[in-house]
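S.K.: Spelled out from the first residue to the last, the chains are:
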Amino acid sequence: MGTLLESFHRAFGLIIGLNAELVAIVLRSFAISGTALAVASLIGIPTGAVLGLKRFPLRGIVISTLNAFMGLPPVVAGLFIYILLSRSGPLGFMSLLYSPTAMIIVQTILAYPIVAALSHSAVLGVGPDIRLAARTLGATRAQAAAAVVREARYGILSAVIAGLGRVMAEVGAILIVGGNIAGYTRVMTTAIALETDKGDFSLALALGIVLLSISIAINVALHMVQRKGARGNA
Amino acid sequence: MLRLAINGIGKSYEGKEVLKDCTFEFTSGVYALMGPNGSGKSTLLRVCALLDKPDRGEVKYRDVDTPVADDISLRRRVTLVLPHTGIFNASVFDNAAYGLKVRGLSRAETAVRVREALSAVGLLDKADQNALTVSSGESKRLAIARAMVIEPDVLFLDEPTASVDEENTEIIERTILEMKERGAPLVIMSTHEREQAQRLADTIVMMKKGRLVTDGR
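Going line by line, the protein sequences match chains A and B.
Numbered per my numbering, the first sequence spans residues 1 to 234.
Numbered per my numbering, the second sequence spans residues 1001 to 1217.
I should point out that these hints are in silico values taken from the structure, not numbers from a laboratory.
Hints are supplied without guarantee of correctness; some may be wrong.
[As the list claims (entries may be wrong)] These stretches of chain B come out as covered by chain A in the derived footprint (C-beta under 8 Å, 3 or more residues):
hint, stretch
1, 1066-1080
2, 1092-1104
3, 1142-1152
[Stated by the list, open to error] Cβ pair distances, simulated, as ranges:
hint, chain 1, residue 1, chain 2, residue 2, range
4, A, K54, B, Y1013, 20 to 26 Å
5, A, G89, B, A1069, 53 to 59 Å
6, A, A142, B, Q1198, 53 to 59 Å
7, A, K54, B, A1069, 22 to 28 Å
8, A, K54, B, G1122, 35 to 41 Å
9, B, E1116, A, F30, 46 to 52 Å
10, A, A142, B, V1112, 23 to 29 Å
Quick caveat, the model's predicted, so the values are computed rather than measured.
Built from N, CA and C at the ideal position, the CB exists for glycine as well.
Please model the entire structure based on the sequences and the hints provided.
M.R.: In structure tokens form, the structure reads like this:
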């Protein structure tokens, strides 16, 4: 009990004192997860919008695949990317294994189905009257589609926040492809795993508190977005 | 000024013939389209407003005596106010401004025209309010203002006062009459109320089982 309290005490000391290693790990986590989320959103939101607005062959299969990949086990994604990027793999010549880029790739793969599938649901949730009204008011097909996406904006933002939650909390895949190299690919979740293994709980707890705070902040933001998106609160 | 001629229009949904050989010419003034539920009024309005393509026949717009091509510039000269208005989750002002925004009008001109239209339907004091929080009657008035603001040559109104209380009905009817007095645009509205049709329309057109039957008033 005494050790635990002492660890908490030290952990808060690291946070309040803005410990250089802690700050570097947190910033690296944001940089990697933020980039992965940006890429996933850049391709996921248009994917969701197209799936929600257009009817085309194999659309149902694409939607089912995206829904299935929302629950993709991170370690499986990590293993797959590891095989692709390893020296003997098809993309080994790019020397990306154990780099932040490899971590961004795997996190993008994990976040993309969430952003795309939830954006699709958000766009689908907009009634057909909106698109029709836009058309009657002189919108081109593209402008009418944009009106529908704009109507779905809060749902889409929720999708992005859900994607952020997925990548920030992820550990298995980035540990496999990033290698948890100090000062290079070590992020919050992998650092917590390592420090816990070492029995040094201070930094692990400090990072855990930061991660938990981020998780709470994400959920509060999600709740606020959903409330704002409720009819008539925009 | 646009004139509309429909010739032999036919339309089916899921094997059911909704419009049968509809032929008519709408020239100017206010037309009231009447008929029982399922007689094809809404479908005819959607076809005439270029939202749906007919299976048979043709919809022809003429400007004086020049045929007008069916493209975006024609679509922007006609508009249809739907029974389910499709109000956006945005302010009353932004809703009314949408048609001008897609046409790329300047903010200054947009503001003037939107304020004018909102004033005409009695919604200027609610310009900054979220449009989804207004009553259903006000929502109908907003939909009409949203259509008026683009100054269409042909305005289609699909049951503009259905499920609307007396006060809002009065405001909507007054707005239509004011448009009529100003001499623009060509208005084609569907309604169930014969008295309303007689109050507002120059010509009443009856529909029965997908066919047009002119009444001629």
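S.K.: Each hint: holds or not?
M.R.: Results of checking the hints against the structure:
1. Look at the stretch 1066-1080 of chain B against chain A: 5 of its residues bring a Cβ nearer than 8 Å to a Cβ of that chain, three or more, so the hint holds.
2. For the stretch 1092-1104 of chain B, the assignment as covered by chain A holds, since 4 residues bring a beta-carbon within under 8 Å of that chain's beta-carbons and 3 suffice.
3. For the stretch 1142-1152 of chain B, the proposed coverage by chain A is satisfied: 4 residues have a C-beta within less than 8 Å of a C-beta in that chain, meeting the threshold of three.
4. Hint check: K54(A) to Y1013(B), Cβ distance near 21 Å, so the stated range 20 to 26 Å holds.
5. Range check, G89(A) to A1069(B): Cβ separation about 57 Å, and the 53 to 59 Å hint holds.
6. Checked against the given bound of 53 to 59 Å, the beta carbons of A142(A) and Q1198(B), roughly 43 Å apart, lie outside it.
7. Distance hint for K54(A) and A1069(B): a CB-CB separation of about 26 Å, consistent with the stated range 22 to 28 Å.
8. Between K54(A) and G1122(B), the C-beta spacing of about 40 Å keeps the proposed range 35 to 41 Å intact.
9. Distance hint for E1116(B) and F30(A): a CB-CB separation of about 49 Å, consistent with the stated range 46 to 52 Å.
10. Distance hint check: the CB atoms of A142(A) and V1112(B) are about 27 Å apart, consistent with the given range 23 to 29 Å.
Comparing the model with each numbered hint stated earlier shows that hint 6 is the single one that does not hold.
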